[in-house]
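K.L.:
Going letter by letter, the sequence shown gives residues 1 to 276 in full-length UniProt numbering.
No lab work stands behind these hints: they were computed from the structure.
It is possible that some hints are incorrect.
Quick list of simulated restraints, FRET-style, between CB atoms [said to hold, decoys possible]:
no.	residue 1	residue 2	range
1	H139	T166	35 to 43 angstroms
2	D197	P31	44 to 52 angstroms
3	K252	H83	37 to 45 angstroms
From the three backbone atoms N, C-alpha and C, an ideal C-beta is built for every residue, glycine too.
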Amino acid sequence: MAPIEAQLIYEPLHPTFGAECHGVDFSRALPPEVVEEIRLGLAQYGVLVFRQAQLDDARHVAFAAQLGELDDSTPYIKAGRKHRLAPYTELFDVSNLDDDGNVVSTDSLRYQLGLGNCLFHVDSAFNPHRAGYSILRAHKLPPKGTGGATAFADTRKAYANLSEATKDEIKDYVVHHSLWHSRRLAAPDCEFLKTMDPEKHFMGRHALVQIHEPSGRKNLYIAHHAHHIEGLPKEDGQKIIQSLLGHATQDKYTFEVEWENDGDIIIWVEYSPLWN
């Protein structure tokens with residue numbers, strides 16, 4: 001891949017991926033050439049951090065639409081629950097606030113379901129089609145020192161460092177991904193989740209080894225949503241899945257982004273890095 005020749009400035013956050021990006025004015029609609037520069041940055045780094053972007057909901061949606069077709073959060077909103085970001089159903093609320101703006105109780109079902117986001121994962125792996133990009137935006141940060149960093153893992157470098165024997169073994173594997181599987185892993189004591197059998201619900205079906213199209217590099221498409229490997233006994237498949245997850249999430253492949261300001265955003269390529 002040719003080096004980026006752009007007006008934007010990139011400060012690498014990790015030796016193999018991730019960068020903080022400067023030089024974008026999010027206060028107005030971005031020209032197509034700037035959007036293309038951001039795409040090039042994402043192709044190279046996989047994860048880009050923009051400080052104090054100060055997008056509001058409308059500009060958030062408009063900018064996201066410049067990157068591609070938008071998902072709709074409506075299917076994920078529980079019936080009767082107020083959507084705090086209405087009318088923008090393209091925005092998904094991943095906060096820890098309830099409908100009235102209060103911090104959710106740790107014994108609530110919503111809190112228990114949200115624990116799955118603390119496991120390394122790829123958004124929408126449990127759907128038929130992969131997601132392209134995600135934009136995570138800080139609306140209101142908790143007090144400093146109370147946690148909340150977002151971590152990423154480089155599955156391109158992790159794949160490249162596998163042995164040739166392992167690459168040959170896994171090259172044709174297809175993995176079935178379940179949202180309920182990851183939720184159960186994260187909250188094994190939740191009574192509601194104990195009743196949810198992942199095998200009785202839809203699963204996304206995706207190749208384990210994929211090509212990261214913008215860079216042409218292969219990566220592992222794996223996550224804690226990964227329930228089983230097609231054609232293998234479930235136990236054998238889970239051993240392989242857990243081994244690859246352990247490999248890809250080693251410290252040498254990961255970094256954390258500390259949120260500094262309300263309005264910070266992170267954009268990443270959904271089918272390459274893992275995140276939590």
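K.L.:
Now, for every hint given, state plainly whether the structure supports it.
P.N.:
Now for the hints, and whether the structure bears them out:
no.	hint	verdict
1	H139 <-> T166: 35 to 43 angstroms	42 angstroms, holds
2	D197 <-> P31: 44 to 52 angstroms	50 angstroms, holds
3	K252 <-> H83: 37 to 45 angstroms	40 angstroms, holds
In terms of the numbered hints stated before, the structure departs from none.
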